[in-house]
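K.L.:
Chain by chain, the residues run as shown.
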Amino acid sequence: MKELSLNILDIAQNSVKAGARHVGIHVREEGNVLSFEITDDGCGMKPEQVEKLVDPFFTTRTTRKVGLGIPFLKLAAEQSGGRIEVESRSREDFPENPGTRVFALFYKDSIDFTPMGDIASTLVSLIQGADGIDYDFTWDNETGSARLSTEEMREILGEDTALSSPEVLAWAGEYISEQLEEIHANQ
Amino acid sequence: MKSLEELAAIRNKMKNRVVLREGSGEIRVVVGMATCGIAAGARPVLNAFVEQVASENLSDRVTVTQTGCIGICQYEPVVEVFEAGKEKVTYVKMNAEKAKRVVEEHLKGGKPVAEYTIGNN
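Taken in order, these protein sequences are the chains called R and Y.
According to the working numbering, the residues represented by the first sequence are 1 to 187, in order.
According to the working numbering, the residues represented by the second sequence are 1 to 121, in order.
Think of the hints as simulated: they come from the structure by calculation, not from any bench.
Hints may be right or wrong, so weigh each one.
[To be verified] Not everything, but these chain Y residues come out facing chain R in the computed CB check (under 8 Å):
no., residue
1, Val30
2, Met33
3, Ala40
4, Arg43
5, Leu58
6, Gln66
7, Gly85
8, Lys86
[Unchecked claim] Derived lysine-lysine pairs resembling DSS-like cross-links, with alpha carbons at most 27 Å apart:
no., chain 1, residue 1, chain 2, residue 2
9, R, Lys46, R, Lys2
10, R, Lys2, R, Lys17
11, Y, Lys15, Y, Lys2
12, R, Lys17, R, Lys108
13, R, Lys52, R, Lys2
14, R, Lys17, Y, Lys93
15, Y, Lys15, R, Lys17
16, R, Lys17, R, Lys52
17, Y, Lys86, R, Lys2
18, R, Lys2, Y, Lys108
19, R, Lys52, R, Lys74
20, Y, Lys88, Y, Lys100
21, Y, Lys86, Y, Lys100
22, Y, Lys98, Y, Lys108
23, R, Lys2, Y, Lys15
All values reported here derive from a predicted model rather than from experimental measurement.
Backbone N, C-alpha and C fix where the C-beta goes; we use that ideal spot for every residue, glycine too.
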């Protein structure tokens with residue numbers, strides 16, 4: 001993947017497929033470290049599945065035999081000197097609060113650090129594809145915080161305007177881009 | 001600066017609109033958005049379709065949706081176009097520019113862009 005925002009899109013699609021209703025995407029920047037965490041309330045995974053996640057030849061999908069999402073993320077993190085963590089509670093074992101948390105940490109000064117790229121575009125793609133799923137996106141750094149919450153958007157839009165309508169998507173992309181620009185302006 | 005008030009304005013504008021917002025399902029454009037598709041550049045393709053369908057006022061009969069891996073990863077980004085009563089058209093190795101042409105010639109003009117289809121790649 002050429003941008004970390006593409007890894008984020010890819011990992012969040014796993015949450016969509018896991019039947020999540022709420023997906024949190026939280027980016028943190030502190031000094032030389034950039035990290036993000038993707039949390040969901042989807043069906044989760046059993047410990048033995050989590051263990052096999054980093055193996056490219058493990059996948060639950062049937063259309064092909066290779067699953068590269070988590071291995072790609074692990075590669076991107078580790079080549080910068082960072083790491084990933086995956087924790088999950090399967091619906092079977094935790095019927096009350098199933099879900100998954102994927103955390104990845106990167107060192108920005110590494111020559112092999114992958115740039116974040118167009119995160120606004122990732123968010124627009126996710127919102128476009130997922131009526132019925134709520135995304136809570138935040139990006140925190142020393143200067144401030146940027147936030148986009150589809151729950152908040154839905155409250156304003158009411159029931160008659162879909163989140164996936166083009167005007168709304170265009171607004172969302174610009175709304176978050178402007179906030180991100182602002183918190184990065186003084187860096 | 002974009003604000004939440006502006007979102008409320010969008011809502012009010014849309015409420016007054018007479019045309020149907022949701023696609024009637026006449027034409028369905030499906031973009032592969034699994035790891036293979038995303039790594040090959042599906043994100044700008046999806047967003048180009050969404051933007052072009054809106055700007056060409058095709059939203060009442062064209063719906064853009066996402067799907068997972070359909071098993072031909074070497075041809076990604078893959079886009080399938082389903083139209084009632086017609087055979088499915090599979091576009092391969094797409095990019096945003098090609099997407100614009102597909103909107104113009106196929107979705108608007110009714111003629112598939114043969115050179116981007118899987119049979120010609």
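K.L.:
Of the hints stated earlier, which fail here?
P.N.:
1, 3, 5, 7, 8, 9, 12, 15, 17, 18, 23
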